[in-house]
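Student: Sequences are here, hints too, so could you generate the full structure?
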Amino acid sequence: MFELRIHGRGGQGVVTATEMMSVAAFAEGRHAQAFPSFGSERTGAPVVAFCRIADKEIRLREPIMEPDAIIIQDPTLLHQVDVFAGLKKNGYMLLNTNRSFEALGLGDFIAGRPAERLCTLPATEIGLKHIGRPIPNMPLIAGFAALSGLIRLESVVKAIGEKFSGKMAEGNIAAASEAYNLIKTRMAEVAHV
Amino acid sequence: MFKQIEGSKAVAEAVALCRPEVICAYPISPQTHIVEALGESVKSGALTPCEFINVESEFAAMSVAIGASATGARSYTATASQGLLFMVEAIYNASGLGLPIVMTVANRAIGAPINIWNDHSDSLSQRDSGWMQLFAETNQEALDLHIQAFKLAEELSLPVMVCMDGFILTHAYERVDMPSQQQVDAYLPPYEPRQVLDPREPVSIGAMVGPEAFMEVKYLAHAKQMQALERIPQLAAEFKQVFGRGTGGLTHTYHGEDAETIIIAMGSVLGTVKDTVDEMRDGGHKIGVLGITSYRPFPVAQVREALAHCKRFVVLEKSLAVGMGGILATDVRMAMSGRGSLRGFTVVAGLGGRAITRKSLHKLFREAEQETLQPLTFLDLDWNVVNKQLAREREVRRSGPAAENILRDIGTVASKIA
Numbered sequence: 001m002f003e004l005r006i007h008g009r010g011g012q013g014v015v016t017a018t019e020m021m022s023v024a025a026f027a028e029g030r031h032a033q034a035f036p037s038f039g040s041e042r043t044g045a046p047v048v049a050f051c052r053i054a055d056k057e058i059r060l061r062e063p064i065m066e067p068d069a070i071i072i073q074d075p076t077l078l079h080q081v082d083v084f085a086g087l088k089k090n091g092y093m094l095l096n097t098n099r100s101f102e103a104l105g106l107g108d109f110i111a112g113r114p115a116e117r118l119c120t121l122p123a124t125e126i127g128l129k130h131i132g133r134p135i136p137n138m139p140l141i142a143g144f145a146a147l148s149g150l151i152r153l154e155s156v157v158k159a160i161g162e163k164f165s166g167k168m169a170e171g172n173i174a175a176a177s178e179a180y181n182l183i184k185t186r187m188a189e190v191a192h193v
Numbered sequence: 001m002f003k004q005i006e007g008s009k010a011v012a013e014a015v016a017l018c019r020p021e022v023i024c025a026y027p028i029s030p031q032t033h034i035v036e037a038l039g040e041s042v043k044s045g046a047l048t049p050c051e052f053i054n055v056e057s058e059f060a061a062m063s064v065a066i067g068a069s070a071t072g073a074r075s076y077t078a079t080a081s082q083g084l085l086f087m088v089e090a091i092y093n094a095s096g097l098g099l100p101i102v103m104t105v106a107n108r109a110i111g112a113p114i115n116i117w118n119d120h121s122d123s124l125s126q127r128d129s130g131w132m133q134l135f136a137e138t139n140q141e142a143l144d145l146h147i148q149a150f151k152l153a154e155e156l157s158l159p160v161m162v163c164m165d166g167f168i169l170t171h172a173y174e175r176v177d178m179p180s181q182q183q184v185d186a187y188l189p190p191y192e193p194r195q196v197l198d199p200r201e202p203v204s205i206g207a208m209v210g211p212e213a214f215m216e217v218k219y220l221a222h223a224k225q226m227q228a229l230e231r232i233p234q235l236a237a238e239f240k241q242v243f244g245r246g247t248g249g250l251t252h253t254y255h256g257e258d259a260e261t262i263i264i265a266m267g268s269v270l271g272t273v274k275d276t277v278d279e280m281r282d283g284g285h286k287i288g289v290l291g292i293t294s295y296r297p298f299p300v301a302q303v304r305e306a307l308a309h310c311k312r313f314v315v316l317e318k319s320l321a322v323g324m325g326g327i328l329a330t331d332v333r334m335a336m337s338g339r340g341s342l343r344g345f346t347v348v349a350g351l352g353g354r355a356i357t358r359k360s361l362h363k364l365f366r367e368a369e370q371e372t373l374q375p376l377t378f379l380d381l382d383w384n385v386v387n388k389q390l391a392r393e394r395e396v397r398r399s400g401p402a403a404e405n406i407l408r409d410i411g412t413v414a415s416k417i418a
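Those sequence lines, one after another, are chains A and B.
Position 17 of the first sequence, counted from 1, bears residue number 17 in the working numbering, the numbering being contiguous throughout.
Position 277 of the second sequence, counted from 1, bears residue number 277 in the working numbering, the numbering being contiguous throughout.
Hint data in this document are derived by calculation from the structure and do not stem from the laboratory.
Here the structure is a predicted model, which means the values were calculated and not measured.
One or more hints might be untrue.
A few chain B residues that face chain A, going by a derived Cβ cut-off under 10 Å, partial list only [as the list claims (entries may be wrong)]:
hint, residue
1, 30
2, 117
3, 138
4, 166
5, 167
6, 356
7, 359
8, 382
Each residue gets a CB set at the ideal place from its N, CA and C atoms; glycine is no exception.
Tutor: Okay, structure coming up:
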């Protein structure tokens with residue numbers, strides 16, 4: 001079972017991101033469970049949502065305390081929430097920022113962790129470019145697909161197509177595709193270093 | 001057809017497949033998505049003939065459901081928490097009059113203190129209201145139980161609450177097998193009321209009944225729930241024939257055969273309990289699970305049978321009878337009276353949305369095996385916080401509001417994961 005935790009702020013589509021992740025995994029014939037951490041449903045407040053993916057029925061209902069991966073939709077959370085809590089030693093981490101880990105003071109954190117599993121993505125900028133709004137969730141989901149190889153881009157695109165229509169669907173798919181390709185390129189660079 | 005869908009939406013689709021004729025509801029989180037989706041289906045014409053009635057309160061919701069049901073319409077509503085409490089007077093009338101309304105209760109805590117999260121306090125507070133109460137373990141079961149509930153309610157002319165854990169199930173996206181309209185139609189016949197307000201054959205419903213007959217009318221309600229004990233397993237078996245799934249019924253056992261310790265629970269926590277039990281079984285522990293699906297009527301015989309060969313049982317419940325201990329545990333202990341050597345433990349857990357984790361369950365179940373548990377345990381209770389407030393109350397007369405004091409003691413929780 002693979003466990004993903006997404007941190008963000010109310011209004012950034014954190015809950016939608018885990019739901020879409022679960023729909024994408026379902027499209028690949030897997031079992032998936034997505035659920036939010038309830039309560040702080042206010043714009044700007046810290047929000048956590050969870051997604052489990054497995055090849056058999058998922059019965060577990062506890063929050064994800066030792067995730068295999070985390071996505072951080074807002075770097076300002078680093079100073080407010082223990083976003084890394086429980087992240088496995090070899091876990092994946094995707095952070096929405098146009099700066100580097102080092103510039104954000106995360107140099108110590110990433111040291112000793114596998115470089116090919118840690119990545120940044122300017123997801124807000126990608127969202128603004130394609131959707132016209134600073135919504136980073138779909139680029140991050142697609143970027144995570146590229147980083148982890150857990151799900152395929154086509155599945156993310158399919159999930160977007162089911163959730164949105166018209167220009168919103170087109171914009172989100174374009175954003176997802178750019179994010180996916182960007183992370184793939186970054187990963188190829190890391191592999192060559 | 002398999003779908004990856006939110007629990008609330010899945011229930012809304014299942015209810016629509018049952019062809020309700022009147023839906024009335026007042027929105028209260030966490031069931032709001034259910035009636036939202038049903039409202040959209042009625043408005044778009046996808047669900048027809050059906051009238052969606054916006055009401056001004058939960059009291060009105062149940063009152064309108066009573067009126068609609070009395071005219072012979074298949075009637076549905078949904079609520080939770082204080083919303084359920086606000087409709088209580090009408091709840092007793094619905095069951096007392098024998099009207100087969102089906103209502104989803106998206107289980108939630110009751111305040112004060114104000115709390116929007118999950119536990120079973122709301123529907124268990126209506127234990128003696130005369131409604132049947134069926135508890136869903138998964139969203140698939142929640143969906144299936146609604147279809148079974150309409151059939152059960154209408155056959156017996158008695159209302160049913162389908163209880164599903166608020167947020168934990170209602171707001172979870174997971175895979176469900178959504179039945180087809182043909183399947184539901186094959187299983188659930190049109191509603192044929194025992195009593196109906198019909199101008200062509202006028203009757204009155206709701207007589208005043210004095211001491212000469214009140215007990216008899218009340219006894220009949222009990223007799224009907226005893227009939228339900230027979231019908232619920234049959235309806236589950238019939239359901240399996242049409243839909244191929246063994247959901248519903250009175251109870252579900254898991255690794256019960258050779259278990260020395262049996263954990264008893266209701267609702268979605270059974271999933272976490274089963275995962276914990278699997279891990280313990282791998283380590284050689286003889287432990288099993290008894291899930292209670294039908295809380296009312298309470299399946300005394302099935303509970304006795306399931307616990308016949310174990311040495312001890314633990315009732316893990318998301319409810320508290322203040323001044324006594326467990327609510328579900330009281331029923332289980334009653335069912336097991338006469339079994340002198342059997343040890344029973346009550347564990348109150350998950351109140352107000354407190355996460356019930358495998359880590360805590362592992363420790364708890366081991367203590368149960370060693371019989372070092374207290375008869376009544378509050379899982380993961382923070383004794384420091386409790387003792388600090390108790391000390392405060394001993395020291396000063398005007399110690400202030402307890403909830404506010406405790407929140408001040410523990411500081412902000414916005415940054416915690418669980």
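Student: Hint by hint, note whether the structure agrees.
Tutor: To see whether the hints hold, each was checked on the structure:
1. 30: Holds, about 8 Å.
2. 117: holds, 6 Å
3. 138: holds, 8 Å
4. 166: At about 9 Å, which falls below the 10 Å cut-off, the nearest Cβ of chain A leaves the hint on residue 166 of chain B intact, so it holds.
5. 167: With a minimum Cβ separation of about 5 Å from chain A (threshold 10 Å), the hint on residue 167 of chain B holds.
6. 356: holds, 7 Å
7. 359: holds, 8 Å
8. 382: violated, 17 Å
Hint compliance for this structure: hint 8 is the single one not met.
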